[in-house]
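**Student:** My request is simple: use the sequences and hints to build the entire structure.
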Amino acid sequence: MNFKHRLWTDTETRSANDIKRGAYVYGEDSQPLLWLYALDEDPVKVWSPLEGQAFPRDLHEYLAEPTVEIMFHNKGFDRTQMRAWGLESRYPLDPMRFTCTMQIARTAGMPGGLDGWCQAVGVPEAYTKKDGNALIRFFCIPNKKTGRYNEPKDWPEQWAKFTEYGVYDVVAMREAYKRTPVTWSETERVLSSYTDLMNDRGVRLDVELIDAAIAQAATFKARYRAHAKDLTADEGFNIVSQKAVLEYLKTYGVYLPDARAATLETFLESPDAEKVPTHLCQLLATRLKVNK
Numbered sequence: 014m015n016f017k018h019r020l021w022t023d024t025e026t027r028s029a030n031d032i033k034r035g036a037y038v039y040g041e042d043s044q045p046l047l048w049l050y051a052l053d054e055d056p057v058k059v060w061s062p063l064e065g066q067a068f069p070r071d072l073h074e075y076l077a078e079p080t081v082e083i084m085f086h087n088k089g090f091d092r093t094q095m096r097a098w099g100l101e102s103r104y105p106l107d108p109m110r111f112t113c114t115m116q117i118a119r120t121a122g123m124p125g126g127l128d129g130w131c132q133a134v135g136v137p138e139a140y141t142k143k144d145g146n147a148l149i150r151f152f153c154i155p156n157k158k159t160g161r162y163n164e165p166k167d168w169p170e171q172w173a174k175f176t177e178y179g180v181y182d183v184v185a186m187r188e189a190y191k192r193t194p195v196t197w198s199e200t201e202r203v204l205s206s207y208t209d210l211m212n213d214r215g216v217r218l219d220v221e222l223i224d225a226a227i228a229q230a231a232t233f234k235a236r237y238r239a240h241a242k243d244l245t246a247d248e249g250f251n252i253v254s255q256k257a258v259l260e261y262l263k264t265y266g267v268y269l270p271d272a273r274a275a276t277l278e279t280f281l282e283s284p285d286a287e288k289v290p291t292h293l294c295q296l297l298a299t300r301l302k303v304n305k
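For the sequence shown, position 22 matches number 35 in the numbering used here, and the numbering has no gaps at all.
Read the hints as simulated data drawn from the structure, not as lab findings.
Treat the hints loosely; a few may be bogus.
To be verified - Derived CB-CB ranges, DEER-like: (1) C294 / V203: 51 to 59 Å; (2) I227 / D42: 42 to 50 Å; (3) L100 / V203: 21 to 29 Å; (4) V203 / P137: 28 to 36 Å; (5) K17 / V38: 31 to 39 Å; (6) A147 / D285: 52 to 60 Å; (7) R192 / A225: 54 to 62 Å; (8) E260 / G122: 50 to 58 Å; (9) D42 / Y265: 52 to 60 Å; (10) E41 / V253: 33 to 41 Å; (11) T276 / V203: 45 to 53 Å.
Stated by the list, open to error - Once the Cα atoms are required to be at most 20 Å apart in a straight line, the calculated PhoX-like pairs of lysine-lysine come out as: (12) K33 / K234; (13) K256 / K302; (14) K263 / K242; (15) K305 / K256; (16) K234 / K191; (17) K305 / K234; (18) K191 / K17; (19) K305 / K242; (20) K242 / K256; (21) K242 / K302; (22) K288 / K263; (23) K58 / K174; (24) K234 / K256.
A quick note: this is a predicted structure, and the numbers were derived from the prediction, not measured.
All C-beta atoms, glycine included, are put in the ideal place defined by N, C-alpha and C.
**Tutor:** This is the structure in structure tokens:
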């Protein structure tokens, strides 16, 4: 694509949904705390919505202009948040406009993490700031004692450091990009964009069928547990418990190292299985079924 400018940018966000559940679930409740951006070689600017600032006019113009390339480090996350905030309906945010500097770093054989990438290409420490993760935890995750977020107005000194950290992230990303050999091609851009589109669309699933399968599995498991109690003549017997199974086997002189599937299958296929009571083999077969 023929871009005229590059928008170097990063967002700091928070959400009630754990990031470990993925960017899309996280985005269902996410909100921007900071939006840091710089056009080409301009100084980094900051939009801080939590402080009541209106959406910046220049950022609006950059997003509205299709010839401005949008640079994120890990665009899969930030682009997803932009979609979650409804920006895709306001701006021409074709996936082809987005470039991921993390992907660029990895394509060049370097670490994907920003710190590691900067070290690999020799970005001076003056371009980076430490303790970023601690500040992210402080403002982006609810306080464990109160269950509420730490707000900028209550922690102005920490918020200033958090903002400075975000600014330096954008500066460091831009500088690392300049120092990285060109290995990223238009083909890579297209493939990356297709990946984004596939993730946006997701995979169609028959939810009704899945729910029915889960319910059926639960029914069978309950049946297997009841059958195990009948086989052992013990209402308290727990077929799921490895300890209970191994202890029961010992009463018949059978000593196994564990009750994993491979171990039980090996025993049932061995001559030793013919020497024990039939119900014991049935019990082990039931154990194999209940753990599937």
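**Student:** Do the beta carbons of R192 and A225 sit within 54 to 62 Å of each other?
**Tutor:** holds (55 Å)
**Student:** For the pair supplied as a hint, K242 and K256, is the alpha-carbon distance within the 20 Å limit?
**Tutor:** The given pair, whose Cα atoms are some 15 Å apart, holds under the 20 Å limit.
**Student:** Regarding the pair K191 and K17, is the alpha-carbon distance no greater than 20 Å?
**Tutor:** holds (17 Å)
**Student:** Should the hint that A147 and D285 are 52 to 60 Å apart at their CB atoms be regarded as holding?
**Tutor:** holds (58 Å)
**Student:** Cβ-Cβ distance between T276 and V203: within 45 to 53 Å?
**Tutor:** The hinted range 45 to 53 Å holds for T276 and V203, with Cβ atoms some 49 Å apart.
**Student:** Check the following: the C-beta atoms of K17 and V38 are separated by a distance inside 31 to 39 Å.
**Tutor:** holds (36 Å)
**Student:** Just to be careful, I want the Cα atoms of K234 and K191 compared with a cutoff of 20 Å; is the pair within it?
**Tutor:** Violated - the C-alpha atoms of K191 and K234 are around 59 Å apart, more than 20 Å.
**Student:** Within 20 Å, alpha carbon to alpha carbon, are K234 and K256?
**Tutor:** Measuring from Cα to Cα gives roughly 19 Å; hence the hint holds.
**Student:** Is it true that the CA of K305 sits at most 20 Å from the CA of K234?
**Tutor:** holds (9 Å)
**Student:** Return holds or violated for the Cβ distance of E41 and V253 against the range 33 to 41 Å.
**Tutor:** holds (34 Å)
**Student:** Compare the distance between the alpha carbons of K256 and K302 with 20 Å, and conclude whether the hinted pair is satisfied.
**Tutor:** holds (17 Å)
**Student:** Should the hint that E260 and G122 are 50 to 58 Å apart at their CB atoms be regarded as holding?
**Tutor:** Distance hint for E260, G122 holds at roughly 54 Å.
In the structure shown, a violation is registered for the earlier hints numbered 2, 12, 16, in ascending order.
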